[in-house]
Amino acid sequence: MELARAHVLVCGGTGCTSSGSEKIINALESALKEKNLENEIKVVKTGCFGLCALGPIMIVYPEGVFYSMVTPEDIPEIVEEYFLKGRVVKRLVYKETLTEGDSVKSLNEVDFYKNQMRIALRNCGVINPEDIDEYIAYDGYKALGKVLTEMKPQEVIDEIKKSGLRGRGGAGFSTGMKWQFTADAPGDKKFVACNADEGDPGAFMDRSVLEGDPHSLIEAMAIAAYAVGADRGFVYIRAEYPIAVKRLNIAIEQAREYGLLGNNIFGTDFCFDMELRLGAGAFVCGEETALMTSIEGHRGEPRPRPPFPAIKGLWQKPTLLNNVETYANITAIINKGADWFNTIGTEKSKGTKVFAVGGKINNTGLVEVPMGTTLREVVYDIGGGIPNGKKFKAAQTGGPSGGCIPAHLIDTPIDYDNLTAIGSMMGSGGLIVMDEDTCMVDIAKFFLEFTVDESCGKCTPCRVGTKRLLEILTKITEGKGTLEDIDKLEELCYAIKDSAFCGLGQTAPNPILSTLKYFRDEYIAHVVDKKCPAGVCKALVSYKIDPEKCKGCSLCARNCPVGAISGKIKEPYVIDTDKCIKCGVCASACKFNAISK
Amino acid sequence: MKSLAELEQIRNKMAAKINVRSETDGDIRIVVGMATCGIAAGARPVLAAMMEEIEKRGLTNAYVTQTGCVGMCKYEPIVEVYDADGTKTTYIKMDAAKAVRVINEHVVNGNVVSEFTIGAAN
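Protein chains in written order, with the numbering used here: chain A, 1 to 597; chain B, 1 to 122.
Source of the hints: derived by calculation from the structure; they are not laboratory data. One thing to keep in mind: the hints can contain errors.
[To be verified] Here are the simulated BS3-like cross-link-like pairs (lysine-lysine), alpha carbons at most 25 Å apart as the crow flies:
id: 1; chain 1: A; residue 1: K85; chain 2: B; residue 2: K93
id: 2; chain 1: A; residue 1: K105; chain 2: B; residue 2: K88
id: 3; chain 1: A; residue 1: K105; chain 2: A; residue 2: K85
id: 4; chain 1: A; residue 1: K475; chain 2: A; residue 2: K391
id: 5; chain 1: A; residue 1: K42; chain 2: B; residue 2: K13
Please read all numbers here as calculations on a predicted model, not as lab measurements.
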């Protein structure tokens with residue numbers, strides 16, 4: 001019996017792999033074998049489902065039962081009860097899919113998925129990324145076939161232009177225009193390239209596409225190559241993404257076997273092949289000119305623009321460079337048409353955007369929403385709100401190049417232009433949610449530490465300037481700052497913005513500028529009152545025991561790791577502030593709320 | 001890949017295999033009773049025969065699933081067929097040959113095989 005009656009889809013994305021999905025697959029396969037069910041039930045390892053917070057995730061079709069946080073110990077029960085006897089193991093079913101009558105409802109009706117629209121992620125968590133036949137079953141390579149046999153290169157470019165698709169890497173430049181420039185550039189040899197060097201802290205959109213649907217990238221790059229007149233492609237991917245690298249290599253191999261890469265694809269004159277280039281994890285290599293320098297085999301440092309890659313890119317030849325998510329939209333546009341794509345999103349930002357939502361949020365994971373969705377919908381409706389009933393303070397978008405969106409702007413529809421207008425940016429799609437316990441000066445410092453580490457050192461404003469910014473921020477968080485420092489900080493930010501060589505340096509001050517714009521009072525509290533309102537900056541925090549509330553139970557003293565608390569039983573205890581390391585253990589141990597900072 | 005027809009062929013071949021993952025309404029749901037009583041009475045060959053027949057015919061509008069004890073153990077193996085409109089037909093004392101007939105006559109052609117139904121037994 002080749003046709004399986006049920007398919008068990010287990011997430012094999014990086015998130016679920018690290019929470020043990022590999023072990024689950026092994027346990028499942030051996031348990032099914034034991035019960036002689038291995039030919040009836042097919043186990044499929046897929047890409048990311050998006051609900052990483054609940055991993056490891058498993059979904060069983062045809063019923064569509066969604067099991068979350070599965071452990072290998074649960075497997076025998078699931079196999080015995082469910083696969084053999086047909087009884088759903090309710091204990092492990094994601095509770096939001098259980099209805100009052102104890103039946104199981106479709107995953108698409110759950111809040112997390114209901115408000116999403118999946119274009120770039122359409123196959124993630126649906127197909128086995130290591131099986132080209134499954135990709136083809138979901139209309140894979142149909143767009144390439146259509147383009148090669150029915151459309152002229154210019155018609156392809158026109159379709160992409162008409163769709164209004166903009167670059168998903170962050171800057172939001174019109175994809176169709178970029179294709180046009182590359183196609184129009186004179187040159188005997190042209191290249192297409194893909195930027196898969198996803199470096200923003202907390203961002204994993206591209207990784208998920210590569211892991212869950214690698215063929216969509218291959219197909220889109222082939223389409224792009226046909227449109228601009230290239231015959232060779234490069235994917236620049238970071239070596240820190242081993243699963244993505246492995247699956248992409250498998251996919252390329254399979255596409256070659258099927259003749260979907262190589263010479264005379266679909267019996268036409270079109271020839272195209274591609275290869276991977278692994279990056280060693282330098283953030284600057286996500287900048288397009290540094291990326292190309294690195295592909296060429298040199299040290300990854302940016303070079304001046306213009307000339308832009310479309311004119312002089314790889315080895316001085318016209319090169320089309322797009323981001324993974326941009327490519328992931330291409331086949332959908334070709335298959336369904338620019339007019340369909342055009343109806344999604346806002347006036348100037350069409351389509352959807354994938355966000356990697358992390359930080360202080362219940363449903364950490366991967367979401368794809370139409371442009372124009374508000375931050376509130378993403379945080380509360382899809383993200384499930386802030387844990388422990390805390391208040392939403394701000395969201396950081398665009399990583400170290402972006403800025404924050406404060407609580408009073410939570411109803412801003414998310415698109416390229418709105419985010420730029422409020423001093424943040426779309427960026428590649430990392431979205432870090434912060435609650436009331438987050439210190440905004442500390443957040444700015446975190447991002448600056450990152451850029452100081454990652455500055456390539458080629459230009460002085462970035463190499464020296466970001467270092468100075470970090471020093472001033474450190475001074476402020478240590479309570480040694482002055483009002484003058486804040487002015488200096490701001491002035492230096494603008495100087496770096498205007499003078500740095502590449503995008504990394506030019507945008508490095510953004511986290512400071514946007515926190516200064518919306519949370520200047522916090523900076524002032526640090527330097528004038530010598531207080532950290534969120535209670536994060538250790539130098540500015542001191543723990544006190546309220547003698548009125550203290551019952552003298554000694555719990556705090558017994559928990560203190562440095563022995564800074566002393567006192568007599570049944571009398572108020574005291575903290576020795578010289579010894580105190582401000583770890584906060586006493587405050588969380590106290591049962592009477594007597595310790596405050 | 002030398003032609004679009006070749007691609008189409010793979011797509012069609014795969015369609016039945018992945019059909020189980022689509023959540024479309026309008027599919028015919030075939031439920032086989034697979035509790036201890038059902039399995040002891042021979043439900044597994046019934047289920048296997050149905051799957052094979054579905055595969056052979058490349059049906060994409062029907063899927064087979066299972067359930068526990070329906071409470072009429074003496075009639076096992078029991079197969080319930082839910083049509084797209086929700087109408088339920090209960091077939092009893094099934095075997096592999098009967099299962100193939102149910103697929104062919106009921107699922108494909110829409111004619112209930114009355115002689116196997118629970119109504120015929122009474």
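Quick rundown of the hints versus the structure:
1. K85(A) / K93(B): It holds: about 18 Å lies between the C-alpha atoms, which stays within 25 Å.
2. K105(A) / K88(B): holds, 20 Å
3. K105(A) / K85(A): Holds, at about 20 Å.
4. K475(A) / K391(A): With Cα atoms ~28 Å apart, K475(A) and K391(A) exceed 25 Å; violated.
5. K42(A) / K13(B): Measuring from Cα to Cα gives roughly 17 Å; hence the hint holds.
Hint 4 from the earlier list is the only one contradicted by this structure; the remaining hints agree with it.
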